Amino acid sequence: MTAFGTLLRQRLRRDRLQLALWLVGTALLAYSSVAAVADTYGSESERSEILQLATASRTILVFRGTPNGPELGAFLFFQIFAWLALMGGLMSTFLVTRHTRAEEEQGRAELIAATPAGRVAPTVATLVLGVLANLALGALVALAFIVGGLEAAGSWVAGAAIAASGIAFVAIGLLAAQLFRTSRGANGAGVAAVVGAYLLRGIGDASGTPSSDLLHVTPAWPSLLSPIGWGQATGAYVENDVAPLMLALGFTAVLVGVVFWLQSVRDQGASLLPGRNGRAAAGPALSNSFGLAWRLNVSTLIAWAVGGAVAGLTASSLSELVAQLGGEAPEIADTLQAALGGGATLEQAFIATFFGIIGVLAACSAVQVGIRARQEEAHGTAEQVLATAVPRTRWLLEYWFVGVIVIVVVLAAAWLAGLAGAATSDGADELVPLISQAALAQLPVSLVFLGLVLLAFVWMPRLTIVLGWVLVGGAAILGTFGPLLGAPDWLTDLSPFTHSPVPTGDDVDWAGGFWMLAIGLVAAALAVASMRRRELTTAG
Amino acid sequence: MTTVISAAGLQKRFGRTVALDGLDLDVQSGEVHGFLGPNGAGKSTTIRILLGLARTSGGTAALFGENPWKHAAELHRRVAYVPGDVSLWPNLTGGEAIDLLARLRGGTGDRAGYAARKQRLLEVFDFDPRKKGRAYSKGNRQKVALIAAFATPAELYILDEPTSGLDPLMEQVFNREIARVAGEGATVLLSSHILSEVEELCDRVSIIRAGKTVESGTLAELRHLTRTEIAFAADGLDPAALAAEIDRIPDAHDLVIDHGRASFTVDSDRVASVLPELTRLEVRALTVSPPSLEELFLRHYGDELTERVAEPVEGARA
Numbered sequence: 001m002t003a004f005g006t007l008l009r010q011r012l013r014r015d016r017l018q019l020a021l022w023l024v025g026t027a028l029l030a031y032s033s034v035a036a037v038a039d040t041y042g043s044e045s046e047r048s049e050i051l052q053l054a055t056a057s058r059t060i061l062v063f064r065g066t067p068n069g070p071e072l073g074a075f076l077f078f079q080i081f082a083w084l085a086l087m088g089g090l091m092s093t094f095l096v097t098r099h100t101r102a103e104e105e106q107g108r109a110e111l112i113a114a115t116p117a118g119r120v121a122p123t124v125a126t127l128v129l130g131v132l133a134n135l136a137l138g139a140l141v142a143l144a145f146i147v148g149g150l151e152a153a154g155s156w157v158a159g160a161a162i163a164a165s166g167i168a169f170v171a172i173g174l175l176a177a178q179l180f181r182t183s184r185g186a187n188g189a190g191v192a193a194v195v196g197a198y199l200l201r202g203i204g205d206a207s208g209t210p211s212s213d214l215l216h217v218t219p220a221w222p223s224l225l226s227p228i229g230w231g232q233a234t235g236a237y238v239e240n241d242v243a244p245l246m247l248a249l250g251f252t253a254v255l256v257g258v259v260f261w262l263q264s265v266r267d268q269g270a271s272l273l274p275g276r277n278g279r280a281a282a283g284p285a286l287s288n289s290f291g292l293a294w295r296l297n298v299s300t301l302i303a304w305a306v307g308g309a310v311a312g313l314t315a316s317s318l319s320e321l322v323a324q325l326g327g328e329a330p331e332i333a334d335t336l337q338a339a340l341g342g343g344a345t346l347e348q349a350f351i352a353t354f355f356g357i358i359g360v361l362a363a364c365s366a367v368q369v370g371i372r373a374r375q376e377e378a379h380g381t382a383e384q385v386l387a388t389a390v391p392r393t394r395w396l397l398e399y400w401f402v403g404v405i406v407i408v409v410v411l412a413a414a415w416l417a418g419l420a421g422a423a424t425s426d427g428a429d430e431l432v433p434l435i436s437q438a439a440l441a442q443l444p445v446s447l448v449f450l451g452l453v454l455l456a457f458v459w460m461p462r463l464t465i466v467l468g469w470v471l472v473g474g475a476a477i478l479g480t481f482g483p484l485l486g487a488p489d490w491l492t493d494l495s496p497f498t499h500s501p502v503p504t505g506d507d508v509d510w511a512g513g514f515w516m517l518a519i520g521l522v523a524a525a526l527a528v529a530s531m532r533r534r535e536l537t538t539a540g
Numbered sequence: 001m002t003t004v005i006s007a008a009g010l011q012k013r014f015g016r017t018v019a020l021d022g023l024d025l026d027v028q029s030g031e032v033h034g035f036l037g038p039n040g041a042g043k044s045t046t047i048r049i050l051l052g053l054a055r056t057s058g059g060t061a062a063l064f065g066e067n068p069w070k071h072a073a074e075l076h077r078r079v080a081y082v083p084g085d086v087s088l089w090p091n092l093t094g095g096e097a098i099d100l101l102a103r104l105r106g107g108t109g110d111r112a113g114y115a116a117r118k119q120r121l122l123e124v125f126d127f128d129p130r131k132k133g134r135a136y137s138k139g140n141r142q143k144v145a146l147i148a149a150f151a152t153p154a155e156l157y158i159l160d161e162p163t164s165g166l167d168p169l170m171e172q173v174f175n176r177e178i179a180r181v182a183g184e185g186a187t188v189l190l191s192s193h194i195l196s197e198v199e200e201l202c203d204r205v206s207i208i209r210a211g212k213t214v215e216s217g218t219l220a221e222l223r224h225l226t227r228t229e230i231a232f233a234a235d236g237l238d239p240a241a242l243a244a245e246i247d248r249i250p251d252a253h254d255l256v257i258d259h260g261r262a263s264f265t266v267d268s269d270r271v272a273s274v275l276p277e278l279t280r281l282e283v284r285a286l287t288v289s290p291p292s293l294e295e296l297f298l299r300h301y302g303d304e305l306t307e308r309v310a311e312p313v314e315g316a317r318a
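Here the protein sequences come in this chain order: A and B.
Going by our numbering, the letters in the first sequence line up with residues 1 to 540, in that order.
Going by our numbering, the letters in the second sequence line up with residues 1 to 318, in that order.
Calculated directly from the structure, the hints in this document are not laboratory data.
Heads up, a few of these hints could be off.
Example chain B residues on the side facing chain A (calculated, C-beta under 7 Å, incomplete) [stated by the list, open to error]: (1) 51; (2) 76; (3) 77; (4) 89; (5) 93; (6) 95; (7) 96; (8) 99; (9) 100; (10) 103; (11) 105; (12) 129; (13) 130.
Where chain B lies over chain A, by a calculated footprint (3+ residues, C-beta under 8 Å) [to be verified]: (14) 284 to 290; (15) 382 to 390.
Just a few of them, taken from the derived set where beta-carbon distance is under 10 Å, the chain A residues facing chain B [stated by the list, open to error]: (16) 105; (17) 184; (18) 276; (19) 379; (20) 535.
Keep in mind it's a predicted model, so treat the numbers as computed, not measured.
For glycine and all other residues, C-beta sits at the position ideal for the given N, C-alpha and C.
Work out the full structure: start from the sequences and follow the hints.
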């Protein structure tokens with residue numbers, strides 16, 4: 001067995017669950033979107049109307065892609081390709097960092113590099129694993145489309161497009177691992193590259209040239225700088241042109257060359273961008289355990305708040321457009337409203353749906369605070385804090401408090417951005433109370449998840465991370481897609497997200513909110529009280 | 001003299017694994033107490049219980065006469081702790097971590113005093129506080145916890161293998177700091193598997209094995225349990241006659257005559273009774289070697305060691 005083979009098998013074995021989840025999850029998303037699209041926009045005329053609407057609005061293209069005719073396959077490719085490519089990109093950059101910079105940072109890479117395997121074989125093995133994972137992803141997505149009833153040739157081109165853009169992100173991830181000193185830095189750069197590629201394509205698509213019937217859009221040049229844009233340029237199901245994918249593979253080849261050159265000139269453990277020094281003494285903010293909890297969560301807070309602000313701005317700026325549509329094309333408005341569900345008017349439904357997503361964001365940010373507490377414990381740093389004059393219960397209570405602040409800031413960011421977006425609109429008077437109610441309505445559900453993750457932390461510490469994400473993810477999927485996929489009421493009612501109050505502008509039924517507020521507070525109180533009897537549970 | 005740490009019949013189970021199986025530990029105020037045992041003997045588990053971070057499955061533990069599980073936070077004001085494997089916050093600098101831990105311990109009330117103590121320790125430990133936590137080596141992470149501990153006045157220092165990762169020069173610095181706090185009247189519990197360290201620093205030691213205390217006492221008390229080696233030049237003496245002579249000495253064992261030297265061992269408290277016999281034999285180049293802690297240790301773990309060495313190594317052919 002060569003060193004390369006051993007290293008590749010070790011990587012496959014280490015990632016078997018994680019990769020399986022990424023692959024199956026993305027394939028399921030692909031499959032369910034075929035089903036949803038076929039269900040919601042069954043006829044070609046409906047799809048044409050939606051495409052024309054999207055082309056006219058432009059903003060929708062940022063989140064979708066370029067329309068390429070109303071055929072079911074092409075329509076689906078327009079709807080979902082960029083999202084699937086985004087998933088593939090994140091899978092790829094995380095995968096690469098996990099096996100390169102993270103290993104180097106932990107010192108494990110040194111152990112391997114000191115064997116005959118050397119410094120290059122681990123990088124090659126990571127590259128090959130990344131390529132294999134993306135080929136599998138492409139194949140699974142293609143199969144999901146075919147099983148969903150789309151024609152085979154186009155589905156394989158779509159799958160190839162996803163694989164090719166993912167492989168380009170493998171190369172970007174490898175480059176980030178060379179540049180940054182820490183896995184945090186490399187992961188951050190990787191995510192920034194994937195999201196940046198997504199947005200670059202979004203901007204290019206939105207500023208593209210529409211055809212006269214508004215059913216096709218030729219993207220502007222920024223899309224052609226993005227690996228996701230290259231994949232989209234295949235025009236799957238219509239042109240089926242794989243030539244743009246050569247661009248992705250060429251880009252990968254060049255980047256891989258650069259990566260191996262960089263690796264050959266740097267020391268093991270070193271990086272091209274050196275780590276910076278920090279303060280020699282702690283500032284006044286770091287004078288108690290709350291200060292520490294805050295410091296450990298503030299960077300995630302900022303990230304979630306930016307997400308909340310983007311979503312809030314999108315909600316209010318799109319809702320104006322949707323309101324216009326209600327006047328111009330009532331039948332499309334009805335279809336949309338049926339798809340969104342809830343709300344007396346299309347505008348209300350739209351705001352409610354978007355802020356529902358913001359509620360999921362806020363709940364996720366709360367879950368991450370609970371997970372941070374567990375990471376502190378597993379990492380061993382909580383032990384040092386709890387060996388000082390900080391009581392266990394107070395320590396956990398402070399994490400709850402930080403969680404509440406994080407939720408409030410994320411929702412406030414969404415609310416303020418929403419108001420800013422609404423300020424320019426004609427119907428601002430109606431939008432302001434609607435947006436305010438919608439933002440406030442997400443507070444209870446977020447507090448429920450904060451309480452639940454802390455309970456998981458106290459009662460099942462080793463499962464905190466898995467339980468936290470599974471609960472919030474499962475509830476979000478059940479709450480948002482449950483009604484769309486025709487799940488029974490009792491099932492969708494299990495998701496706390498379905499109980500968030502729905503903004504209407506005047507009379508709002510807040511009962512669900514009060515119930516969830518009570519549940520969230522009780523869960524948190526129970527968690528803090530149980531902490532009294534809870535031992536430190538270290539990793540392992 | 002008051003009892004600072006007392007543990008009796010301490011038990012701790014993790015599922016089916018028994019980590020502590022009736023451990024006893026007594027530490028009096030003002031003493032530097034060595035807590036000896038191989039890896040996995042239960043040293044860190046005991047310390048976790050004493051710090052109220054883990055609960056006992058049986059037996060009692062008291063710190064300053066109080067239950068550490070129930071009064072953890074109040075007791076911790078009087079305790080400085082250095083873990084065996086120090087983890088740092090990746091995005092905090094070493095200096096920030098030191099200040100944070102000292103402040104959390106409540107030991108920075110006297111600002112100028114704390115600043116001076118910290119500055120002195122940063123210098124003697126030769127530590128750069130400006131790097132981020134993730135950039136430090138194991139030894140440097142250890143220094144963060146040591147500086148934070150020694151920069152705050154405490155009545156009790158609990159140190160879990162504190163010198164693992166320190167170089168010999170830094171070990172000397174560490175030893176001086178221990179001597180300093182002990183001189184100021186603090187109590188120290190020093191867990192270790194490095195015998196020379198314990199021999200140099202500790203007044204009393206407890207030796208544990210597989211979750212039980214097997215020996216406890218002052219070094220002098222424990223030394224009587226081991227054998228002193230007596231050796232002298234054997235040339236000019238008839239081996240057979242010599243053997244017969246030595247055999248007459250009570251408690252003399254393991255006679256070896258090799259390379260012109262004769263050596264035997266005798267229980268340490270019987271050395272004086274052997275001397276007249278040696279005088280009678282008019283031995284030359286006499287050496288009397290007192291037992292080291294190494295031997296003490298080997299005496300308790302030697303059989304385990306022999307078993308391990310004797311085990312066939314599986315897969316050796318592969």
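These are the hints, each one checked on the structure:
With 7 Å as the threshold, the beta carbon of residue 51 of chain B comes within range of chain A, its nearest partner Cβ sitting at about 5 Å, so the hint holds. Satisfaction of the interface hint for residue 76 of chain B is found here, the shortest Cβ-Cβ separation to chain A being roughly 5 Å, below the 7 Å cut-off. The criterion of a C-beta within 7 Å of any C-beta in chain A is met by residue 77 of chain B, whose closest approach is roughly 5 Å, and the hint holds. A hinted interface residue such as residue 89 of chain B counts as satisfied when its beta carbon comes closer than 7 Å to some beta carbon of chain A; here the least separation is about 6 Å, so the hint holds.
Using the Cβ-Cβ criterion of 7 Å, the hint placing residue 93 of chain B at the interface with chain A is satisfied: the shortest such distance is roughly 4 Å. With 7 Å as the threshold, the beta carbon of residue 95 of chain B comes within range of chain A, its nearest partner Cβ sitting at about 4 Å, so the hint holds. For residue 96 of chain B, the shortest C-beta to C-beta distance to chain A is roughly 4 Å, which falls under 7 Å, so the interface hint holds. Interface restraint check: residue 99 of chain B against chain A, minimum CB-CB distance 3 Å, threshold 7 Å, status holds.
Taken as an interface hint, residue 100 of chain B checks out: its beta carbon lies about 5 Å from the nearest beta carbon of chain A, inside 7 Å. The beta carbon of residue 103 of chain B is positioned within 7 Å of a beta carbon in chain A (closest approach about 5 Å), and the interface hint is therefore held. Because the beta carbon of residue 105 of chain B sits about 4 Å from the nearest beta carbon in chain A, less than 7 Å, this interface hint is met. For residue 129 of chain B, the shortest C-beta to C-beta distance to chain A is roughly 5 Å, which falls under 7 Å, so the interface hint holds.
The interface hint given for residue 130 of chain B is met, as the beta carbon of that residue sits about 4 Å from the closest beta carbon of chain A, less than 7 Å. A count of 4 residues in the region 284 to 290 of chain A with a Cβ less than 8 Å from any Cβ of chain B is obtained; the coverage claim is therefore met, three being the minimum. With a threshold of 8 Å between beta carbons, the proposed coverage of the region 382 to 390 of chain A by chain B holds, since 8 of its residues qualify and at least three are required. Hint on residue 105 of chain A holds. Least Cβ distance to chain B is approximately 7 Å, under the 10 Å limit.
Hint on residue 184 of chain A holds. Least Cβ distance to chain B is approximately 7 Å, under the 10 Å limit. Of the supplied interface hints, the one on residue 276 of chain A holds, with its beta-carbon coming within about 8 Å of a beta-carbon of chain B, less than 10 Å. Residue-level restraint check for residue 379 of chain A holds (minimum Cβ-Cβ distance to chain B is 5 Å; threshold 10 Å). Because the beta carbon of residue 535 of chain A sits about 5 Å from the nearest beta carbon in chain B, less than 10 Å, this interface hint is met.
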